[in-house]
Amino acid sequence: MRSFARASLACAALALLLLALSPAPSSAQASGGSFGGSYSSSGGGSSGASVSSSSYSSSSYGGGYGGEVPTWAYVAFTLTAFGIIGVFYLTTWVLPQRRRRRTSERRRLSLALDWHARPAIQEELARLARRPLVGNRALEEALRAVAKALRAHRTSWLFAHDVRHRLDDEAPPELEALLADLRARYRHEVVRGGEERAGSGATPGREEGPGVVVVSLVLETRERLLAPPASEPNEDAIDAVLAELEEEPRRGLRRFEIVWSPAEEGDRMSTAELERVYGELEPLPAGASLGRHRCAHCRAPYAAELGACPACGAPR
27 MRSFARASLA
37 CAALALLLLA
47 LSPAPSSAQA
57 SGGSFGGSYS
67 SSGGGSSGAS
77 VSSSSYSSSS
87 YGGGYGGEVP
97 TWAYVAFTLT
107 AFGIIGVFYL
117 TTWVLPQRRR
127 RRTSERRRLS
137 LALDWHARPA
147 IQEELARLAR
157 RPLVGNRALE
167 EALRAVAKAL
177 RAHRTSWLFA
187 HDVRHRLDDE
197 APPELEALLA
207 DLRARYRHEV
217 VRGGEERAGS
227 GATPGREEGP
237 GVVVVSLVLE
247 TRERLLAPPA
257 SEPNEDAIDA
267 VLAELEEEPR
277 RGLRRFEIVW
287 SPAEEGDRMS
297 TAELERVYGE
307 LEPLPAGASL
317 GRHRCAHCRA
327 PYAAELGACP
337 ACGAPR
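Take 27 as the starting number for the sequence shown in this note's numbering and just add one per residue.
Accuracy of the hints is not assured; some may be wrong.
[Claimed, not checked] Here are the in silico distance ranges between beta carbons for each label pair: (1) 109 to 261: 28 to 34 Å; (2) 112 to 262: 45 to 51 Å; (3) 149 to 192: 32 to 38 Å; (4) 153 to 303: 20 to 26 Å; (5) 145 to 339: 24 to 30 Å; (6) 281 to 236: 29 to 35 Å; (7) 256 to 178: 38 to 44 Å.
Don't read these hints as lab results, they were simulated from the structure.
Even for Gly, the Cβ is constructed at its ideal location relative to N, Cα and C.
Start from the sequences, fold in the hints, and give me the full structure.
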């Protein structure tokens with residue numbers, strides 16, 4: 027679009043310059059020459075009308091008409107050309123660029139899923155990470171697959187965090203900082219961008235229970251593609267966002283990253299640990315009674331999903 031607009035501008039400027047230099051009746055020569063010079067000096071920011079100006083000069087009045095061209099005709103023609111060119115330039119380049127800068131955003135959606143969904147989610151994300159995600163189609167299919175998997179386990183959603191930020195010229199470092207912060211929540215990255223690395227060798231502890239998994243989607247868009255976050259995380263609002271991501275590819279999507287933890291079966295994270303590591307996540311209805319609980323008998327803290335204190339055995 028930019029190259030087309032620039033080519034149109036150059037053609038329009040050249041055509042009107044030729045119009046100014048071409049022979050004309052003596053009564054219109056001064057205004058045509060003067061106006062042609064003015065168009066040439068200001069025509070660099072316009073587009074279109076190059077063909078009509080050329081044909082208007084050669085066929086309509088360059089043939090056997092023989093009469094004088096009124097000065098007002100040159101003025102009207104050039105003003106019309108400027109108007110068409112200006113509107114075309116604004117609507118195809120200036121306004122879309124301003125709109126993209128104004129509406130670009132970064133979105134982070136994090137979900138904690140329970141032990142019923144954890145193994146399936148970990149397996150699906152590892153499978154997608156091992157695939158060669160080359161080209162837009164592969165990336166879009168992977169994003170849709172993640173959204174579909176998360177929606178399929180809606181009954182396992184425990185905690186969530188959904189936040190949106192406007193983008194500016196300094197957004198890429200901020201995005202990288204956000205991803206680095208998410209990756210800093212764990213010590214070993216065993217899968218990254220199709221590359222499998224050495225595992226952590228972790229084994230589950232009794233106090234960790236069956237374990238949850240946190241999945242974070244980080245998206246960068248050229249416009250506001252998704253519904254805004256709710257004032258407080260709720261299942262319907264989150265499902266609406268994931269449903270949008272599961273639909274047809276969005277042309278305004280510039281980048282997305284998926285970060286999840288834990289990534290190994292033997293590495294477990296209880297809801298008590300989740301509250302410490304992912305303190306920004308807020309409980310959904312299914313997670314309202316979970317998290318860190320203190321034993322009424324020995325006062326030891328433990329994860330509520332255990333049902334009993336691992337230190338003294340007293341029931342919750």
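Status of each hint after checking the structure:
1. 109 to 261: 28 to 34 Å: Since residue 109 and residue 261 have Cβ atoms about 53 Å apart, the given range 28 to 34 Å is violated.
2. 112 to 262: 45 to 51 Å: 46 Å, holds
3. 149 to 192: 32 to 38 Å: Since the Cβ atoms of residue 149 and residue 192 sit about 36 Å apart, the hinted range of 32 to 38 Å holds.
4. 153 to 303: 20 to 26 Å: 25 Å Cβ-Cβ, so the 20 to 26 Å window holds.
5. 145 to 339: 24 to 30 Å: Once the Cβ atoms are compared, 28 Å apart, the range 24 to 30 Å for residue 339 and residue 145 holds.
6. 281 to 236: 29 to 35 Å: 34 Å, holds
7. 256 to 178: 38 to 44 Å: The hinted range 38 to 44 Å is violated for residue 256 and residue 178, with Cβ atoms some 21 Å apart.
Of the hints listed earlier, those the structure fails to meet are numbers 1 and 7, in rising order.
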